[in-house]
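**Student:** Take these sequences, add in the hints, and give me the full structure.
So the sequences go chain by chain: A and B.
My numbering puts the first residue of the first sequence at 1, with every later residue one more than the last.
My numbering puts the first residue of the second sequence at 1, with every later residue one more than the last.
Since the hints were made in silico from the structure, they are not lab data.
Cβ atoms here follow ideal geometry from the backbone N, Cα and C, with glycine treated the same way.
Treat the hints with care, as some may be off.
[Claimed, not checked] Simulated coverage check for chain B against chain A, where a stretch passes if three residues somewhere in it have a Cβ under 8 Å from a Cβ of chain A: (1) 71-79; (2) 96-109.
[What the hints assert, rightly or not] In silico negatives: residues of chain A with every beta carbon more than 10 Å from chain B: (3) R23; (4) E89; (5) E173; (6) E220; (7) L261.
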Amino acid sequence: MSRETPSRRGARAQRATAGGRWRSWLRHHRAMSLDSASRLLRHPVGSLLTMLAIAIALVLPAGLWLTLDGARLLDAELDESATLTVYLEKDVGADEAGRIEQALAAREGVASTRLITAAEGMAEFQQALGLEDALARLPGNPLPASVVIHPQDPAPAAVQGLADGLETVAGVEEVRLDLAWLERLRHLAELGRRVGLGLAVLFGLGVLLVVGNTIRLAVENRRQEIEVVTLIGATHAFVRRPFLYSGAWYGLGGGLLAWGLLTLGGDWLAAPIAALAASYGASFALPGLGLAGSAMLLGCSTLLGWLGAWIAVSRHLAQIRPR
Amino acid sequence: MIAFEHVGKRYGGRFDALANLDFRVRRGEMVFLTGHSGAGKSSLLRLLMRLERPSRGRILVAGHDIDRLHASQVPFYRRQIGVVFQDHQLLFDRSIYHNVALPLEIQGAEPREAARRVRAALDKVGLLHREKALPIELSGGEQQRVGIARAVVNKPALLLADEPTGNLDPQLSADIMALFEDFHRIGTTVMVASHDLALIARLRHRTLRLQEGRLVADEEAA
Chain A
1 MSRETPSRRG
11 ARAQRATAGG
21 RWRSWLRHHR
31 AMSLDSASRL
41 LRHPVGSLLT
51 MLAIAIALVL
61 PAGLWLTLDG
71 ARLLDAELDE
81 SATLTVYLEK
91 DVGADEAGRI
101 EQALAAREGV
111 ASTRLITAAE
121 GMAEFQQALG
131 LEDALARLPG
141 NPLPASVVIH
151 PQDPAPAAVQ
161 GLADGLETVA
171 GVEEVRLDLA
181 WLERLRHLAE
191 LGRRVGLGLA
201 VLFGLGVLLV
211 VGNTIRLAVE
221 NRRQEIEVVT
231 LIGATHAFVR
241 RPFLYSGAWY
251 GLGGGLLAWG
261 LLTLGGDWLA
271 APIAALAASY
281 GASFALPGLG
291 LAGSAMLLGC
301 STLLGWLGAW
311 IAVSRHLAQI
321 RPR
Chain B
1 MIAFEHVGKR
11 YGGRFDALAN
21 LDFRVRRGEM
31 VFLTGHSGAG
41 KSSLLRLLMR
51 LERPSRGRIL
61 VAGHDIDRLH
71 ASQVPFYRRQ
81 IGVVFQDHQL
91 LFDRSIYHNV
101 ALPLEIQGAE
111 PREAARRVRA
121 ALDKVGLLHR
131 EKALPIELSG
141 GEQQRVGIAR
151 AVVNKPALLL
161 ADEPTGNLDP
171 QLSADIMALF
181 EDFHRIGTTV
191 MVASHDLALI
201 ARLRHRTLRL
211 QEGRLVADEE
221 AA
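**Tutor:** Written as structure tokens, this is what we have:
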């Protein structure tokens with residue numbers, strides 16, 4: 001022991017430089033993250049069950065979100081196919097039909113046009129229905145020529161407006177468009193989106209509760225330790241830190257499990273979904289999470305775990321008073 | 001170092017645990033605090049550790065009114081006092097070394113410097129050879145020495161002890177008290193609460209005697 005007085009030496013030790021404080025802060029973070037991870041690994045079954053509970057809570061909203069994401073892609077595809085069919089009057093000849101098509105193509109809001117002459121229409125009809133024999137027995141071609149129009153703006157209101165305008169063009173008999181089912185699909189997608197958001201909020205709260213409860217027990221188990229370190233000058237942040245890391249680890253573990261479940265589930269459902277879509281003549285596949293989606297899932301789950309731990313620890317630290 | 005100015009502590013609105021305490025302890029002084037159990041020794045130490053706040057009067061430590069510390073400053077205040085508890089308050093899931101290192105870990109001391117100071121503290125209490133042991137493997141007297149090593153490892157200016165020899169036989173008690181005297185000798189202010197009057201009488205230090213929360217005697221060393 002030197003002859004220096006303890007108080008002076010103590011004061012010098014506490015006068016840490018900013019760099020030193022930063023290093024010691026990092027050191028404690030590293031130590032606590034490893035310590036809390038090893039505590040989780042010491043009780044693998046219990047930790048896994050907690051993470052599984054988190055994963056299940058995450059899978060439902062995330063799965064729904066993926067489905068809606070797929071539906072949005074499908075919706076975009078459908079927008080592409082939002083077309084108007086303009087039936088020309090029956091007595092319009094092939095030459096005049098070509099002129100009308102050009103007139104239609106020149107109109108505002110029309111992206112492209114395709115003329116289907118009466119003969120082409122007949123050929124398509126025969127092919128689609130397989131009624132060559134029956135149709136061949138008809139005296140003439142009963143089908144009119146038609147023009148298929150792709151609108152520039154596929155929004156239902158715009159398409160309807162365009163259709164109303166086309167009705168008045170000379171030589172046009174009728175304009176057909178079928179928007180009702182597109183509308184219905186959009187409403188369904190909106191409904192799904194809101195249900196998904198509601199579920200995400202509810203299940204996010206569920207994750208907070210799962211983690212909060214687990215951390216509450218951990219705090220209770222380490223009560224004596226908390227009391228002792230508080231007695232010898234630990235700050236709240238110091239006491240809180242290992243529990244926050246535990247919460248974050250639970251969240252990350254739950255997120256990884258959820259990611260695995262979603263991937264497995266996607267593979268499992270891929271075949272029936274593809275078959276179903278094919279039967280509607282559409283190509284629809286559940287999109288994968290992708291890099292951004294995976295990062296988002298893991299980030300959110302880790303954050304939720306951290307937040308749940310924060311709430312639990314803050315609530316219980318206030319109750320723990322050294323005796 | 002310590003000044004109590006008309007300090008009172010009342011619990012539950014009626015019971016006066018401490019009443020009108022008024023005394024000073026000089027820097028580097030060693031003081032015993034005696035009295036029957038329930039006389040207010042522990043309450044006084046709890047006030048000094050700022051586990052509780054006085055109902056009346058004020059307490060100055062190193063010139064600062066500790067009642068006016070903000071909650072966020074309290075941990076830093078506690079780091080400047082070493083406390084030895086009657087029941088040691090060791091953590092049983094970690095080694096002796098890590099128990100003693102705890103205050104340094106809390107302060108964020110650099111590991112190599114921390115190791116040096118932990119070993120110095122353990123050496124001082126004669127337990128350097130047991131640094132890897134768990135507290136449960138140690139005797140009561142040894143556990144108390146670990147508690148002392150932890151209290152002094154960050155070289156506090158003020159060392160408080162609450163019945164540090166409570167459960168020990170006379171020889172071990174004398175050894176423990178000798179340790180406190182060593183710290184007193186190198187300039188630490190030491191306050192030891194004890195009801196072991198025979199031992200205190202032999203050691204010849206200033207003694208504050210409490211009775212029913214009042215200071216009834218303040219005897220300078222003979």
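**Student:** Need the list of violated hint numbers for this structure, in ascending order.
**Tutor:** The structure conflicts with hint 3 only, although it agrees with all the remaining ones.
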